[in-house]
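First to last, the protein sequences are chains A and B. Going by numbering that gives the first Met the number 0, the first sequence opens with residue 0, and the numbers climb by one from there. Going by numbering that gives the first Met the number 0, the second sequence opens with residue 0, and the numbers climb by one from there.
Just so you know, not all the hints are guaranteed correct.
[Said to hold, decoys possible] Partial chain B-side listing against chain A, Cβ under 8 Å, derived:
no., residue
1, 122
2, 259
3, 284
4, 320
5, 421
6, 423
7, 445
[As the list claims (entries may be wrong)] Here are the simulated EDC-like cross-link-like pairs (lysine to aspartate or glutamate), alpha carbons at most 20 Å apart as the crow flies:
no., chain 1, residue 1, chain 2, residue 2
8, A, 182, B, 106
9, A, 326, B, 305
10, B, 291, B, 305
11, A, 309, B, 133
12, B, 345, B, 380
13, A, 326, B, 101
14, B, 450, A, 396
15, A, 275, A, 314
16, A, 309, B, 131
17, A, 309, B, 101
18, B, 291, B, 222
19, A, 309, B, 305
20, A, 249, A, 266
21, A, 309, B, 222
22, A, 82, A, 396
23, A, 309, B, 380
Read the hints as simulated data drawn from the structure, not as lab findings. The beta carbon of each residue, even a glycine, is placed where N, CA and C say it ideally should be.
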Amino acid sequence: MIPRNSTFQVAFLGLLAGAVFSSTANAQSAPPTDIVFKNATVMTASHGAIEHGSVWVHAGKIAAVGTTVDAPASATVMDASGKWLTPGIIDPHSHSALDNDVNEATSPVTPSMMMIDAFDNRDSALYFALAGGVTTELLLHGSANMIGGQAVVIKNKFGLSRDAMLFPNAPRSIKFASGENPKRVYGSRNQLPSTRMGNFEVMRQSFEDAKAYMAGWDAYNAKVEKKDATAVVPKKDLKLEALADVLRGKLYVQIHCYRADEFLTEEAIAKEYGYKIRAFHHALEMYKVAGQIAPTGTAIATFTDWWGFKDEAWDAIPWNAVMSMRKGVRVALKSDSNDHIRRLNQEAGKMVHYGGATEDEAIRMVTLNPAWIIGVDDRTGSIDVGKDADLVIWNMDPLSTYAHAEKVYIDGDLFFDRSMLGFGTPHFSGAMHGGDGFGSDDEDGD
Amino acid sequence: MTTARTATLLLFSVLFAAPGVHSGAQPAAAQSAPIAIVGGKLLTVSHGTIENGVLVMVDGKIAAVGEAGKVTVPSNATVVDAHGLTVYPGLIDPDSTLGLTEVAADEMSNDLSEPSDEIMPHMHVADAFHAETELIPVARLNGVTNAVVAPGTQDSVAGQDIFIQLTAGNRDQLILGRDVALAMNFGAEQRRRGGRGSSQFPSTRMGLITQLRQNLLDAQHYEAGKEAAKKKASEKVGDKDSGKGPDKPEERDLKLEALLPYLHGERPVVVGVYEGYDVETIMKVAAEFHLKVILNHVTHSQEVLDEIAAWKVPVIVGPIYDLPRANERFDAVYTLPAELARRGVKVAISSAEAGGPGGAHTVRNLPYAAGFAAANGLPYDDALKAITLNVAEMFGFGDKLGSLDVGKMANVVLANGDPLDVRTDVKQVYIQGVAQPMISRQTRLREEYSK
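Let's have the full structure, built from the sequences with the hints guiding it.
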């Protein structure tokens, strides 16, 4: 895994450097071009842990990782003796920094809602998460709607501008939901849906509408192709266009879903309409049907030990994540909470307790696996050459209750330093916004 | 003497009996034979750590604690080999709603707050406590053997707490103490703005405090009236003042009567309060009426910690996971237990999660909250004490629970590591010397779907 040809690395990475610098253009000071972390326990998340390991960061990317690295003499050396180094923590299910504009709960189908339109880059929830080592978040629509809005992927570069916090060229995700929340929200208003029957029929009808919409455009395009003068341009409809993108496979489908029967129904509908489900979120009953779901390739983003907060969480067990993983399901842990997002490393630690995950498996649940769910696993989520230098230095094994994120780097730039006075944020000063609520799915605002 | 192997087999037979065992409903059995836990690392809480220790449990109590070789193991004892394990007293959650809720969103399963009035001291948690709740075995599996159960937080005076044992059994067997404390709250939540209609008193903190003071004065007046009536009744009819002697049957006001033990300072009042200025306001009332206060939460009270220390009141911190205000440092709340302990305050830590009314489903995470307090500056021994001995002492069980000491109830936990670490697995829980089945509804589901 350790490339030996450092000349090649520098040449290759030099091409990337321009892009990296432009994305951090409004940073207060440019980060050093070369940093070497030495003597850390490096949890790579992709290929095990390296005792007394080193990581060379060049121009915001990981240039080398191993017991030794061939960094230039000019590199800034960080002695990490006795420390742990991990990839940045990634939360695939957050509703932070949206000022509680989580749900457009005025219709069960709102696929054209764009979460970026509500994103407040100065919300303190981002800072608290950063102090817990979180470097990437998928900010999702809530679960009031069967088909909710489109997510925004951020890098937690707290202190930079809104645009500078967006994860460049991240895949688009859309949030679906099933079960109690949609039926409660609309049922309480005596609207469709008020049952799971209604829930799924609303979905099917939406996709039928999208198919008709696509057919209309296909017919128009065919006429244009044939230079048919009778071609009349159809109306561009934001809602149907978004649904069409689901059917075209252009959107990653992220589904809020608790019960075993609903995983099966969702998979059947996806098959019927020809799209793939990227991940079931919450997925508390996956342990019941993991063997059936594993072949579909759908991942889960689950709570570790939340249970009993509503009927569809009554069969939740804390062994769900590890049991599902053992059956071949890709498992990530997530917060769905402005509280838990600050200590996802501890949530990973619980997986050692609940089911006997190895430390390697546990750390992967909060790094590489959530990166896959978001679709950025080729760029972050593990300590591998060529990936973004999103790194956290911990004072001890991050799976311990006692661990602190001491320093958090994103694209090789220091965004949190616990030892700094004040907030510990080299790029942020001034006033934060309070945001609202606990950043949970269930804040449907109705 | 039974061998360790036999003891292990006994534990396994309990495990294999799982599907037929109902975790809550069977009556609590008494300890039948002495048990000696041998070779473990004992965290005594009261007198340090014993690396290679022996703990003997007889008739539900701790009969001996000490280093291996210095403790006599009774010849008829079942020996449990605890080499490589950590042995510590059962954990105690100072602020839970166990048995008052089952499925949080299912209102019919909740008996938390009685919001028809703000002053409800005559609500007894004992009357609603559901001993067979599925939540208790779940909490027990992580080493929690005792808890305070308090009502929800909607009322200024919410009702009276119970102190429970998380054993299997019926309500009377689980409740170790009823009406052990009065649950009070003061702050924004109790104002009911918009809830009962804004025209209804009280809608402000001024209203809440006035109402509270009036009720406490009414209780004192009620008691004075009762005393006077009693005195009058004891005087002979026919004395020259014809107004003397019993004139009407006694009318009891249960609401005001419920306040009397607390006005006498006989039992503690647990005051849930978050803001520093609210702490100062409610403590003035407490001083006026000589209430024996335990402060709860104090989440945003960083600026009055010295005052709290000067009042010499114990404090329950929780949830340690409550979010700081915007523009506060990320660890403003995490460091509260350490900051209080540094000032000499006796600290307990609760399992509650941010935004919740006290832990119920999250009670099993109690040790992790204490561990996180330790991670943020609270000395380790204080962290362990904050979920054991300090809680027992605050609620009047200091002579019975909270440490590994001779004569105390044998509520003892065996785990494969540091009890406060999230990675640690609890292997066995004893309550009054009885090995508890390490089974919950959740382990049964796990077994069912692991086949």
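Cross-check of the supplied hints:
Annotation: residue 122(B) was flagged as interfacial toward chain A, and the flag is violated, the nearest CB pair being 23 Å apart, outside 8 Å. Interface hint status for residue 259(B): violated, as the beta-carbon distance to the closest one in chain A is roughly 37 Å, over 8 Å. Taken as an interface hint, residue 284(B) does not check out: its beta carbon lies about 29 Å from the nearest beta carbon of chain A, beyond 8 Å. Among the interface hints, the one on residue 320(B) holds; its C-beta lies about 5 Å from the nearest C-beta in chain A, closer than the 8 Å criterion.
Restraint check, residue 421(B) versus chain A: the minimum CB separation of about 4 Å is within 8 Å; hint holds. Because the closest C-beta pair between residue 423(B) and chain A is about 6 Å apart, less than 8 Å, the hint holds. Look at residue 445(B): its Cβ gets to within about 5 Å of chain A, closer than 8 Å, so that hint holds up. For the proposed pair residue 182(A) and residue 106(B), the alpha carbon gap of about 17 Å is at most 20 Å, so the pair holds.
For a cut-off of 20 Å, the pair hint linking residue 326(A) to residue 305(B) is broken: about 54 Å separates their Cα positions. Proposed proximity of residue 291(B) and residue 305(B) is supported: the alpha carbons are some 19 Å apart, at most 20 Å. For the hint pairing residue 309(A) with residue 133(B), the CA-to-CA distance comes to about 14 Å; that is within 20 Å, so the pair holds. Annotation: proposed proximity of residue 345(B) to residue 380(B) holds, straight-line Cα distance about 12 Å (limit 20 Å).
Distance hint between residue 326(A) and residue 101(B) is unfulfilled; the C-alpha atoms sit about 30 Å from each other, more than 20 Å. Distance hint between residue 450(B) and residue 396(A) is unfulfilled; the C-alpha atoms sit about 34 Å from each other, more than 20 Å. Proposed proximity of residue 275(A) and residue 314(A) is contradicted: the alpha carbons are some 26 Å apart, above 20 Å. Only pairs whose Cα atoms come within 20 Å are accepted, and residue 309(A) paired with residue 131(B) is accepted, the gap being roughly 19 Å.
Our distance criterion of 20 Å between C-alpha atoms is met by residue 309(A) and residue 101(B), whose separation comes to about 9 Å. Taking the CA atoms of residue 291(B) and residue 222(B), the gap is about 19 Å. The hint holds against a cut of 20 Å. A distance of roughly 41 Å separates the Cα atoms of residue 309(A) and residue 305(B); the hinted pair therefore is violated under the 20 Å criterion. Distance check on the hinted pair: residue 249(A) and residue 266(A) sit about 18 Å apart at the alpha-carbon level, within 20 Å; holds.
Pair hint residue 309(A) plus residue 222(B) does not hold up; C-alpha atoms about 45 Å apart against a cutoff of 20 Å. Distance check on the hinted pair: residue 82(A) and residue 396(A) sit about 8 Å apart at the alpha-carbon level, within 20 Å; holds. Simply put, residue 309(A) and residue 380(B) have alpha-carbon atoms about 37 Å apart, too far for the 20 Å limit, and the pair is violated.
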